[in-house]
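Peer 1: Each chain, written out:
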Amino acid sequence: MMSFEHCVRCTLCVENCPVFKVNPAFPGPKQSGPDAQRFRLDGEKSVDEWVKLCCQCKRCEVACPYGVNVSEIILKAQVKYSSEHFSPFAAHLFANTHELGRLGSIAAPITNFLTSASFVQGTMRLLGLSTHLPMPEYRFLSLARGRRKKGRFKSPRKVVFFHGCYLNYNRPDIGRGIRDLLAYLGCRVAMPPQTCCGLPALGNGDIDMARRYAQKNAQRLVEYIDKGYSVLYACTSCGLTLVHDYPEVFEIPEGRKIAENTYNLHEFILEAIEDGSISMDFGEVNRRIAYHIPCHLRALGIGYPAARLFEKIPGLTFEILEDDCCGLAGSYGFKKKNQQTSVNLGVITAAAITSLPVDAFASDCGACKMQLGHFTGLPAFDPSEIVIESLANRSKKKAVRKRRMP
Amino acid sequence: MSVYEYDAVIIGGGASGLTASLYLSSRGYKTALISKGDPVCCLSTGGIDVLNGSDSPFDLLAHLPEDHPYSLVGREALIEALSFFMEIMGHAGLPYVGEPGKNRQIITPIGTTKSTGLVPCTMADADLAEDGHLHVVSFKGIKDFYPSYITSRIKNSAFSVFDAKVATTLGIAARFEDDAFLDAFISWLHDLEIPHDRVALPAVLGIRDPVSVMEKISSATGRQVFEIPTLPPSIPGLRLFRALKRLLQAKGGHLYWGREVSSFESQAGRIEAVTLSTTGRPSRVEGKVFILSTGSFVSGGLFASRDWIRETVFGLPVFVPGERKDWFNTDFFAAGHAIEKAGIEVDGTFRPKLTKMDNLFACGSILAHSEILKYQCGHGLAISTGMAAAKMCEGMLS
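Order-wise, the sequence lines are chains A and B.
Residue 1 is where the first sequence starts when you use the working numbering, and the numbers rise one by one after that.
Residue 1001 is where the second sequence starts when you use the working numbering, and the numbers rise one by one after that.
Derived DSSO-like pairs (lysine-lysine); straight-line CA-CA distance at most 30 Å:
| hint | chain 1 | residue 1 | chain 2 | residue 2 |
| --- | --- | --- | --- | --- |
| 1 | B | Lys1155 | B | Lys1216 |
| 2 | A | Lys336 | B | Lys1140 |
| 3 | A | Lys312 | B | Lys1030 |
| 4 | A | Lys312 | B | Lys1391 |
No lab work stands behind these hints: they were computed from the structure.
Just so you know, these numbers come straight off a predicted model, no measurement behind them.
Isolated chain B (complex conformation) (with noise of 0.2 Å):
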């Protein structure tokens, strides 16, 4: 058995766990984060919904019910998590735009607008403007991805299609990092003469350095230039990831990548360590703190089999809604299956309720009443549960 010490173990890699980690490391503390596998976080749109459904997120915090997740974070501490966040997005040289206290709508591959709060400063211009004034850029073949159902909603515009010789978004944002590939692109995009004020493009702009990219499209054509997420495999998201995770790294936090957790140790009300599997010796790594991110179904943090549902990694008591009857909508379509609110019910310090344990908290999707289809909330209460459950270990260490 091999023997790791830290002051803070943190399981789950994704948005909030990643953002605990972040903050106890730059804060001094040795941090470990274990994950057994890339998170969904990679899957989504790289930006940070907050809480949509009204110009505000703030409007709708105080009508949120009182045992859902942002209650216990408060609009404080909750402004304080998303300006946390933007700073530290500035250093990874992903700089994302938006204020907390205001959503704003992008345009999707189908040319509906969607609600979030704040994006990547690829999509900063990508608000659907009244008098429209767009040309879409697509790539031949592209899946997911459609510029005429996009301009058939968008006055003004128009779109013209690429062929990059390759057909997936991976593939084509990794062209987009070769120099010879961009001029042959902005070439292409110069001989067009649009008349549109506004290029938009799936998000493909490069993979490492997508702000750069953009920049030369930008200045080369003299028009604003931003990118339409697209469904997975997503680069916003997969960017958001790297570019947290690298920031983990360089803060000095250790990370246990692709191993589960098997076992746990615990005495006298504490987690002593847990023990990561693998086909070679187990290991073993102790901390003084814990923290659970392990996301809810879709991650793997909660396991539901027809009529129970466990917490996979200590086996917290988890807060199921009623019978199994109760769990789901009639209509799939309709907003709120009872089943999302499953998950660790926690205290006002983010300490799992029913448990005596001292040193564990919770964060993320795997609190209870979350409800992040419902709210589209995902991002946003991933960041400032993450922040949360942090401060509270940052008191217990210190």
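Chain A on its own, in the form it takes in the complex (with noise of 0.2 Å):
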């Protein structure tokens, strides 16, 4: 990565800035990464308020053909301004995303109800959060407490599941697909106690408590990865934090060791079935669906491996949609100060799906799914859910059904 001083200023990272497209108090990743940089000075406070209207969806830097990192110049100045300055209530809360998940998935049907309920919607108003959209409803029965299946282990493959917050309390079905999917891809399949992976905490400007959590999954995670397994995320910001920031901007000493064993669920698979350690039958799924590439997936600089195992899957017709962020980026959208920002994109995003010919999209990202879901009021999968409907359509009466895939 090179420093601000390489930017040319040739604005292909402004032609690819979301927040810029729609909210003019924004000036775009040109003014305030590379250009602002060089008045940001240490020991001098932050006047640049504007710069936490960032969603951090990587775009500018994924953009930037001089390899300058725009976003993370960013960052580092969104958290250099929250550490000298009042964070509102709203930072705090979605900082402990973590907590918050494990409070709400205890409490359940309490939580879903006030979440929903309009006094209380009155109130999150007041405190600074958006209700346009429903908030992530929790489940009691988070991925975590749920009961584990054993699996055949006839590949040699051991992984270790990096679940996150989303399909741990929000989306535990879609958790207990993918790990009974590995099992019956005959992985040896652990999920050790996990935390946040510290990306909500930095988000909202908060890197010391971002630190704790990405500390304590590394001590964790390497253990594992020196007994031989490797570690897979489906979600893919947790991915991203886990690949980029934990040995870049964390400076975790075994961050490096980490990015190296750590794979995208469906890359994993894809390579798994190149080198011949799985065999998969995929059967036909007669679906037309809209590919939501996350912003996190592109800056991941991976290709999109789900698509090529989309391409495997007979009957499914699919299309890549990667030139929009759907506006949410995790937290973001959940602040009043972004309610009109993420409206707007969350508008333009569903429209470029809705103006296709399909019946459902698919996405990766646990808030991508809430925010398009929303805007364009078609069925939202994970990607996982599709090559699970392609296993299950193929082997109906065998071992997929036993393990009662959907």
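Dock chain one against chain two, each of which comes alone in its own frame, and use the hints as you go.
Peer 2: Structure representation (structure tokens):
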């Protein structure tokens, strides 16, 4: 990565910035990143409050042909600003996504009732939260709490599933599906106790809390890596945090080792198919879907592995949409000050999906699915659900069914 | 290390690399396109400059130096490539108009004209007609767009300014995707009761589907509507890039974006694979053929120090026009600085000369002697050499 001095001001980053596109208050990645960086001095208090309008989609960084780490410059400026100023309640709340999930899950029916009740929503707005989207529902039987199943271990592959908060507390059904899929493919699946990847805390300006989360996870993951396990993620934002932020931003000593041994779920399955360690018999899936690429999957630079699995599924037609950000960006769009930006982007991105002849869409990111599900009114799938559907359709009476694949 | 296997691996995601990838994937070859970032194509006017300086680019072809890449392409292949381009852009929902053998004039943001070959259909009526009759619509606060300059040069013309509540080209283009905004704009335009036959706007008529935005305005007002390209961030350039990229993915091509080639492996006169670096696990991308389309200095395909020039991916031998003191004219604005000739020299099969790599091809602005600024042939050269290199690959793969 190059420093801000390598910026030639070509504006390719600006063309890719979703926030700049819809919010005139944000001066865009070029000005917030490399341009302003030369005025940000250590020991001087930040005055650039607008830097917090960046949603950290990293599209600027992917676009920059000169290797300037635009979004990282902005991220560090956001952290600096937050550490020097009073942080609003919403930032503190969302920094603690993990604790929020834990409490929400334990008291699931009550939480879900409360977050949807109108008198609570009024209070939420007063506290700086946006209510344009229903808050994600929590599930009592979290993924971590659910009963484990034993696989057949016919493959020599051993994996640790890093499920992240969303699959754990909000959509444990998808998490269980993935765990069972891996077990069905013959992998030894471990799900050791794990905490938030750290991204929500980082995104809300609390790098110390983020690093504490990261260190906790790193210690556990490295134990497994040393025993020959690969780390798998399905949430692409957790994935980017493990692969990029652990070594580069949190500067965790084991970060490099974790980054090298961490796989996207579909990337892992593809590689295992290619090296012959697993075989998959894809059944027909008669669907037409849009595949909305989450910004953080783009930023991972691994191509689109789920799309490569989709290519193998007979009957499935899909179109990749990668040029628009959904606008929710984790907790970004749940804050009242970002609500208009989030809604405007949601509408634009949803229109790109609904302009296609599709009856559903898929995305790897929980936030994208919530936002675009809301604005398109279409069913939203995790790519793994499509893969599982395909396998289940092939072997209706065999192993998969016994494992109650959806 | 993750390993991916392809028939063809194209390095460099600009107009040339995209054309080459599109051609090969539409022929059924498994294609990967690697790019370390977005291309300068996004900053362009969206027009396809074939060869400027005369009414027909073909008049000029014969007068080019023998070592110019167009001489390797040849007139027939140039026509074929431009026709291929127009065909695929039709499929992409962003049709281009024009004839390969004819240049046209489009209006610039300062009211001068610029010669170009093919243009997106949103600029189809952008010629400077004899009797003018033009109404220019600008937007409040928009940078680098000067309606009074334009009208001062055109007979029977006037301008009006619309307040879109946002002043950037990207911001206004995004607003045009909102039907309520479009309706408000149309009704404002209608109320102006303009006497002119044609309405010109800066190129901000939406990002995803400018054709339908233009048609809506046109049919509601009964006027011909066209766009004037702006300075970067340039929306027509962005549309062109995204349309090509989307089409490539629809044809089954795979993208590796934001990744840089850190090393390559070769054996017995063949490139076997390139390695992509990241903070995570590196990826090894294997291919049967490789195309280098990383562009010139601005795009990072070439890197110049004080007294040497390097090709950044494979370290290929670079043609350098003499010593450093000879690289530049003393007059900065004089056309044809010698440094523009720098690049990779290729033989008639688009393989780099002086290398013994049988399965490596090069295309686009990285080619030596192309002198794109002097001849104004950027996109035409990109598309035609991209297709020519892809055809050579096809010959090798089949």
